[in-house]
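Enquirer: Chain residues, written in single-letter form:
Number of protein chains: 2
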Amino acid sequence: MNDKLLVLGTMAYDAIESPFGKTGKILGGCATYIGLAASQFKIQCGLVSVIGDDFKTAHTNLLSSKGLDLSGVVTIPGEKTFFWSGKYHNDLNTRTTIDTQLNVLTKFDPKVPEKFKDASIVLLGNLDPNIQAAVLDQMSAPKLVVMDTMNFWIESYRDKLDELIGKVDVISINDEEARQLTEKHSLVEAAKVIQDMGPKYVIIKKGEHGALLFHENKIFCAPGLPLEEVFDPTGAGDSFIGGFIAYLSQRGKVSFEDMKTAVIIGSALASFTVQEFGTKALEKMSFKELSERIQTFKRLTEFEIELT
Amino acid sequence: MNDKLLVLGTMAYDAIESPFGKTGKILGGCATYIGLAASQFKIQCGLVSVIGDDFKTAHTNLLSSKGLDLSGVVTIPGEKTFFWSGKYHNDLNTRTTIDTQLNVLTKFDPKVPEKFKDASIVLLGNLDPNIQAAVLDQMSAPKLVVMDTMNFWIESYRDKLDELIGKVDVISINDEEARQLTEKHSLVEAAKVIQDMGPKYVIIKKGEHGALLFHENKIFCAPGLPLEEVFDPTGAGDSFIGGFIAYLSQRGKVSFEDMKTAVIIGSALASFTVQEFGTKALEKMSFKELSERIQTFKRLTEFEIELT
Numbered sequence: 001m002n003d004k005l006l007v008l009g010t011m012a013y014d015a016i017e018s019p020f021g022k023t024g025k026i027l028g029g030c031a032t033y034i035g036l037a038a039s040q041f042k043i044q045c046g047l048v049s050v051i052g053d054d055f056k057t058a059h060t061n062l063l064s065s066k067g068l069d070l071s072g073v074v075t076i077p078g079e080k081t082f083f084w085s086g087k088y089h090n091d092l093n094t095r096t097t098i099d100t101q102l103n104v105l106t107k108f109d110p111k112v113p114e115k116f117k118d119a120s121i122v123l124l125g126n127l128d129p130n131i132q133a134a135v136l137d138q139m140s141a142p143k144l145v146v147m148d149t150m151n152f153w154i155e156s157y158r159d160k161l162d163e164l165i166g167k168v169d170v171i172s173i174n175d176e177e178a179r180q181l182t183e184k185h186s187l188v189e190a191a192k193v194i195q196d197m198g199p200k201y202v203i204i205k206k207g208e209h210g211a212l213l214f215h216e217n218k219i220f221c222a223p224g225l226p227l228e229e230v231f232d233p234t235g236a237g238d239s240f241i242g243g244f245i246a247y248l249s250q251r252g253k254v255s256f257e258d259m260k261t262a263v264i265i266g267s268a269l270a271s272f273t274v275q276e277f278g279t280k281a282l283e284k285m286s287f288k289e290l291s292e293r294i295q296t297f298k299r300l301t302e303f304e305i306e307l308t
Numbered sequence: 309m310n311d312k313l314l315v316l317g318t319m320a321y322d323a324i325e326s327p328f329g330k331t332g333k334i335l336g337g338c339a340t341y342i343g344l345a346a347s348q349f350k351i352q353c354g355l356v357s358v359i360g361d362d363f364k365t366a367h368t369n370l371l372s373s374k375g376l377d378l379s380g381v382v383t384i385p386g387e388k389t390f391f392w393s394g395k396y397h398n399d400l401n402t403r404t405t406i407d408t409q410l411n412v413l414t415k416f417d418p419k420v421p422e423k424f425k426d427a428s429i430v431l432l433g434n435l436d437p438n439i440q441a442a443v444l445d446q447m448s449a450p451k452l453v454v455m456d457t458m459n460f461w462i463e464s465y466r467d468k469l470d471e472l473i474g475k476v477d478v479i480s481i482n483d484e485e486a487r488q489l490t491e492k493h494s495l496v497e498a499a500k501v502i503q504d505m506g507p508k509y510v511i512i513k514k515g516e517h518g519a520l521l522f523h524e525n526k527i528f529c530a531p532g533l534p535l536e537e538v539f540d541p542t543g544a545g546d547s548f549i550g551g552f553i554a555y556l557s558q559r560g561k562v563s564f565e566d567m568k569t570a571v572i573i574g575s576a577l578a579s580f581t582v583q584e585f586g587t588k589a590l591e592k593m594s595f596k597e598l599s600e601r602i603q604t605f606k607r608l609t610e611f612e613i614e615l616t
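Quick mapping for you: the protein sequence lines, in order, are chains A and B.
Just so it is clear: in the first sequence, position 195 is 195 by my numbering, and no numbers are missing.
Convert by adding 308 to the 1-based position in the second sequence; the result is the number in my numbering.
Hints in this document: simulated from the structure, not taken from any laboratory.
Quantities reported herein were computed from a predicted structural model and do not represent experimental measurements.
Check the hints yourself; a few may be wrong.
[Unchecked claim] As a list, the in silico DSS-like pairs of lysine-lysine whose alpha-carbon atoms are at most 25 Å apart:
no. : chain 1 : residue 1 : chain 2 : residue 2
1   : A       : 206       : B       : 568
2   : A       : 218       : B       : 606
3   : B       : 492       : B       : 419
4   : B       : 561       : A       : 298
5   : B       : 395       : B       : 451
6   : A       : 184       : B       : 395
7   : A       : 298       : B       : 514
8   : A       : 192       : B       : 606
9   : A       : 218       : B       : 596
10  : B       : 606       : A       : 298
11  : B       : 312       : A       : 298
12  : B       : 395       : A       : 218
13  : B       : 330       : B       : 395
14  : B       : 561       : B       : 508
[What the hints assert, rightly or not] Residues from chain B that keep clear of chain A, each with C-beta distances beyond 10 Å, as calculated:
no. : residue
15  : 361
16  : 370
17  : 393
18  : 394
19  : 403
20  : 422
21  : 425
22  : 445
23  : 473
24  : 494
25  : 530
26  : 561
27  : 568
28  : 571
29  : 608
We treat Cβ as the ideally placed atom computed from N, Cα and C, and that holds for glycine.
Required output: the full structure, derived from the provided sequences and hints.
Expert: Structure below.
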């Protein structure tokens, strides 16, 4: 049976510069990427977010047309939507933030709509851990809670973050952040320390090198799809976790085996996202294309062996 | 039918410092690591190398006891064996060379023993491309020629290196060197440029992130085994290519499918090497341990998927 999915995250405008070009203000925010990725699956997905009155109707329409429930998205009149602008360097692995305008985020008081309070899967997207906790507190009895975080919260909100990490089932974090959080260089050691903090499942994202899923003493390794061209890495991690969680929601099961497949689906979605600026690739891709790419992932690592 | 394997490479003494400790002069050199890795397989493997009269009998005995043919290893009296000392930094991905004493290498005039001139597989280990070419010229009709190289030869011996690359079937190179050689950041693009230079198969090593094998438009991705502790990365690339080539030699086949398996075997051997200083792990490991580790690699990337 499908599970209902509740996603907390930002809806934003971004301006992005990469070695391949420069955008004007385009649609962004982690809830946007997560929602668009999740919309590939036949699930009920509700977003909890906040926008200003400059948020374009075309963009809310886009998200609604993908079947996303926006009743948890609050508009704050007279305020502007969260804005981020950044520049990726030549290797695309590092970026510099040019401008961050929190705008409506400073007044974000998240409210989970009644019909999503009983969602069995909750994704706490990358945001202030106080806001993530406020959403979790409104849920009746989720069977799986997933959180994403980043360096800013590790540096400045450590106590609250640790408290929240203690309450979630799955954490998604990148390699450098896992090292920062645990002060361990080895990702295997870092994952153990994080598991000891609470989460039974730890996902460590390694950018172009793929992702690792840790559970008990087991490890699953999803490759990064080698791509000829990467235009814009923005939203790759969000597309990843969006695909991950939406597959689990559709499947209605959350075992390690299910999560392995979910990690591959997330990786496939992320591989689409980075091939165009912003949300463009996610907006137009079909489920058929996603299925084909997943087969590409399968072929990428399959081998036969019989040692004598 | 097994193929005869001829390996060109250095035999050396190394002194290594890593965050986990410091060694005195220990056995090193690419031919040593390649030979020890290859000795896991039931093949005839001959080494072509050069040593000084300081090279310890215990070390030649060790290599002979593993079934390696040393008739192509020349001792230059009154000269010392090649010596390298280096220090790995905290992340183990970067190292600084402290000292390089070429010693016998400056007088190396490689001679392939008669009985190995008809070897069907040749591995040209990381050395001056002039020496690699001199060995290749002595072979009668190898069916597969594999070469390894590194930044030093790319920077200083470019013309000769390009000429040699045009004559080999497989090249093994690390990610940064592939980018340096081709001036392409994307590894997919870099591999295409290298394929256009000659080699039908291109292996790009990504250290802890595994390795990619390119052939025509196909890509195979071998994961890096996530390890709790890495003591010393020295010889990882050599163990990798040694295992790769020895498996192909034993198998007597060199298709893309065979090479996929060979890449996994190389990765497994490299994963042993880095867990102890120098050649220690390779010296004592058993074929049973290797087989078990290969199963670990299989489990690491296997997933089931059925999308509806």
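Enquirer: Hint by hint, say whether it matches the structure.
Expert: Now the hints, each set against the structure:
| no. | hint | verdict |
| --- | --- | --- |
| 1 | A:206 x B:568 | holds (23 Å) |
| 2 | A:218 x B:606 | holds (13 Å) |
| 3 | B:492 x B:419 | violated (37 Å) |
| 4 | B:561 x A:298 | holds (24 Å) |
| 5 | B:395 x B:451 | violated (38 Å) |
| 6 | A:184 x B:395 | holds (20 Å) |
| 7 | A:298 x B:514 | holds (20 Å) |
| 8 | A:192 x B:606 | holds (22 Å) |
| 9 | A:218 x B:596 | holds (21 Å) |
| 10 | B:606 x A:298 | holds (13 Å) |
| 11 | B:312 x A:298 | violated (34 Å) |
| 12 | B:395 x A:218 | violated (32 Å) |
| 13 | B:330 x B:395 | holds (9 Å) |
| 14 | B:561 x B:508 | holds (15 Å) |
| 15 | 361 | holds (40 Å) |
| 16 | 370 | holds (24 Å) |
| 17 | 393 | holds (23 Å) |
| 18 | 394 | holds (19 Å) |
| 19 | 403 | holds (15 Å) |
| 20 | 422 | holds (30 Å) |
| 21 | 425 | holds (29 Å) |
| 22 | 445 | holds (34 Å) |
| 23 | 473 | holds (21 Å) |
| 24 | 494 | violated (6 Å) |
| 25 | 530 | violated (8 Å) |
| 26 | 561 | holds (12 Å) |
| 27 | 568 | violated (4 Å) |
| 28 | 571 | violated (8 Å) |
| 29 | 608 | violated (5 Å) |
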